[in-house]
Amino acid sequence: MEWEPKLIAFLCNWCSYAGADLAGVGRIQYPPNIRVIRIPCSGRINPLFIMSAIKNGADGVLTSG
Amino acid sequence: MTNKPDKVGAVLVLGSGIAGIQASLDLAESGYYVYLVEKNPAIGGTMPMLDKTFPTNDCSMCILSPKLVECGRHLNIETLTCSELTDLRGEPGNFKATILKKARFVDPDKCTGCGSCVEDCPVKVDDAFNQGLGKRKAIYKLYAQAYPNAYAIDKAKCLKIKKPKACGKCLEACQAGAIDHLMQDETIEVNVGSVILAPGFDAFQPEQLFYYGYGKFPNVLTSLEFERILSASGPFGGHLIRPSDHKEPKKIAWIQCVGSRNCKLDHGYCSSVCCMYAIKEAVIAKEHTPYELDTSIFFMDMRTYGKEFEKYYDRARNDHGVRFVRSRIYEVTEATDGSGNLKIRYANEDGTITNEEFDMVVLSIGLEPSEEVVELAGKLGVEVNKFKFAEPPSLTGVGTTRPGIYVAGAFSGPRDIPETVMQASAAAGDSSVILSEARGTMVKKKEYPPENEVAGDIVRTGVFVCHCGINIGGVVKVPDVVAYARTLPGVVFADEKIYACSQDSSGQIKEAIEKYGLNRIVVASCSPRTHEPMFQETLKEAGLNANLFEMANIRDQCSWVHQSEPEKATEKSKDLIKMAVNKAALLEPVKGISLGMNHDALVIGGGVSGMNAALNMAAQGYKVSLVEKAASLGGIAASIRYGMKGEDVQSYLSELISRVNSNQLIKVYTGVEITEVHGFVGNFVTKLSSGDEIQHGVAIIATGGKEYKPTEYLYGQNQKVKTLLELESELADGKLNTAKNVVFIQCVGSREPERPYCSRICCTKSVKQALKIKETNPDANVFILYRDIRTYGFYEDLYTEARRKGVIFVRYATEEKPVVEAAGDKVKVTVTEHVLGVPMVIDADMVGLAAAVLPAENNKLSQLFKVPLNQEGFYLEAHLKLRPVDFGTDGVFMCGLAHGPKNLEENISQAKAAVARACTVLAKETIDVEGKCAVVNKKKCAGCGVCESVCPAKAVSVDAAEKVAVVNEALCKGCGACSSSCRCGALNVKGCTNEQIMAMINAL
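Chains A and B, in that order, give the protein sequences. Residue numbering for the first sequence is 1 to 65, as defined by our numbering. Residue numbering for the second sequence is 1 to 1004, as defined by our numbering.
Looking at chain A on its own, in the form it has when it is part of the complex (with noise of 0.2 Å):
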């Protein structure tokens, strides 16, 4: 089986994260790697967050807002 990346994505809640949930309002398909962390504003995610996905397996991080 081709290698997938796992991803982790730290989104605020009021812009990306609301985002995420239009897309799904859209029916907009994308891959299913991606797990989201809904935060209440992107200056709540502490470097350590993104260090310890990493450090928990992820692939990458992605920090939205």
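Don't take each hint at face value.
Quick look at which bits of chain B chain A covers, simulated, 3 or more residues with Cβ under 8 Å [to be verified]: (1) 524-534; (2) 553-560; (3) 565-573; (4) 975-986; (5) 995-1002.
Calculated Cβ distances over 10 Å to all of chain A for the following chain B residues [said to hold, decoys possible]: (6) 107; (7) 168; (8) 381; (9) 449; (10) 629; (11) 653; (12) 692; (13) 942; (14) 954.
I should point out that these hints are in silico values taken from the structure, not numbers from a laboratory. For clarity, every value in this text was computed on a predicted model and none was experimentally measured. We put the beta carbon where it would ideally sit given N, CA and C, even for glycine.
With the hints as your guide, set chain B onto chain A.
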């Protein structure tokens, strides 16, 4: 003798665009019950159709949707969609309104918004929301993020409504049983104390101007169609292509003033918003294309007169390379080569004629009132002006000709979003004034059982996985997911639901909480953005703290976006639930915080804005301290003689001052300044230079502005050169009665590198004064030397009148400014005439300089209240579009020239708006916050102060004595910026702790 009927503490708001939403929210938050009446099946108005908004380029939907949700969920706002106001009887304070609720054919309480019906509906209809550029079905939701999140059936198009035995496919698809083709219209009557008209506008139909070729040539579009093309949720998914052949355009033209400034069509007004939106569209279009897009805007005068607009225009021209062509358009024709391109034939300013080819032409269509609304206004006894807008009577900002009915938004005259929002708040404020005695009498309050203590209890998590009909269940193997959930640590119960959000599911969740002693709930279904509050209600009703809840979004972000990969979608659902369960185990109850508050107000600045704010506030029953730096009240209005509609400003002002002075609730302090400000919303203590100390709950900053004292054009050296304010006194005193030649020079000190903003009021003021001169002395020659004439809105009519009466308008270029020289008892003004390009010399008896509007000295006050100023020294609001009178700091508001240049009418409206916003705070007994705020671990805190510097809400500060950070829970918004920046790990956020986020990460 008749008894005066009691006042009703409810308001009817007609129209649910941003004006209706804002007015409803302000009223509901101030203790009134609101009936929000909307003719469409969803609230939102025009804003959801727009792609981005100027001048911030914010996504329109993104900034609107929190307000949609707040409005839709508000306990004291009853949204009546598909509804019309048909009759209104009674008097101010006590009206009976008749509302026709048209059949929606879908029960919004049962509809889950899943959309299964749409897939099966066979009828395709032009989508009006997408301006007809795309198709929708006969059963439809107005737009993706619509509230209510429910479908409706287009009666005219549905097969089954036409023939009861036909079709009915949607009935089979709908597992929620929400559809009823037999639903009937119904008429209801409600009691309200006042009415706010916020019905918005219609876009001008450009077919009537045949020379633009709209309707004939597919690549000639309206600006609204172009917005939909740019929008990611539009007909082309945000891909910039032209309709005829779906080719990417390389060269686009915008044509301004289509249906505006057109006397032939009885549209002799300026639509006020088109210049800015055209620039925005050009800039955003350029961002959309990976190639260099050629954009040209064909205009008469560029009217970028609002706050931060001129800089936007400068950037578009200088940085983005948008081309601006001052011109008159003759016609648009289609190229004969079959390319679908368009040819514009236009006259340049010097009279030469150019033919130019474009791939696409966008018509900047104007705003007009809708015919139905004008008809309704007639029925309600609300008079409209000659352009059929409900223009408010002089100096009321929001009034109409019928007492008890107020107007907000574009129906009162063309205006942009911030002005609409301001006016909506102001209309809410004026409604509160007449209804203050009935405040709080109609509002609903929900009672909950006492909360179970869960601290120290073993975690017992319940997981509910939703099928959402077939929306989730059709892709994700829900039974597998439920079985998996049962294996997760802490989970003692897991179940599946067809619709987790239905009434009976809510009952079942409550039962399960009781039966299994659940103390953490996870729902795996749709988006927490739409449904979390609803499930949290269920928890509260079951005696659990709302924060013991977590959602896994397995629909919007899983089954819907991985439709062809059911295995992987199931795996992803499991992961998302595991993350949620892990987080849930660490959830703790978050208690709301309640703080005492002072219900008095402080108004700073005793000009027209400040005095109106104080009076409006007092009329709502609040005590006000009004502080003025000068020895007497009045502000800059003391030197204004005439209003923009010819009002006698001095008599208005003296009446205002006497009303302020005689008001028992207003305490006036003159000749004093503010020296210290302590505290926060609800608990401010302000010290004055007189030694007085004022305790107050809110503050309104209305420090006004001043007229620039020019250094150019011989001002201050020659008696014949005056500023407009000085000239106005001379004019009123009859000193200009014999003048033969009077020259006005515009933009003196404005739109210059050191002051890159438009002072907004000077064009209209100059035109007004020119007309006054012509009135007393028709033989006088009056010249107005200008860069762009910015007589926005109905002031355009004055410009037309001035030209008709012979006022001579000469445009000058910035690189060739007029020259003013002393010449005996006259002054010689030389200007290069813009059409012929030759110098023109005027022997002027008087020169009026349209000097810039400057802010007051605001630095000190801005520091005391910790509120920001913009580059030019005016106060900077919390959000340029949707929070035009608020500051990021809670409890502090602003109005008048302190915010930016504006005329008297606009300042009054803004003052009322600031009061309405302040009253949403004062109407509460206590300051209640959710409690999801930052907490400091004092043992870890080093007192470095980084948190204080990053906090956007100014909620964190370092205690000087203890040397540790202290969070003001009343101000904290829970964004967590402090926590992320804390190098000691001393800061955490309640309701979203570091440990909880880590638990989610560790679940993977």
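Note to self: Flag every earlier hint the structure violates by its number, smallest first.
What the structure shows: Of the numbered hints given earlier, the structure breaks none, since each of them holds.
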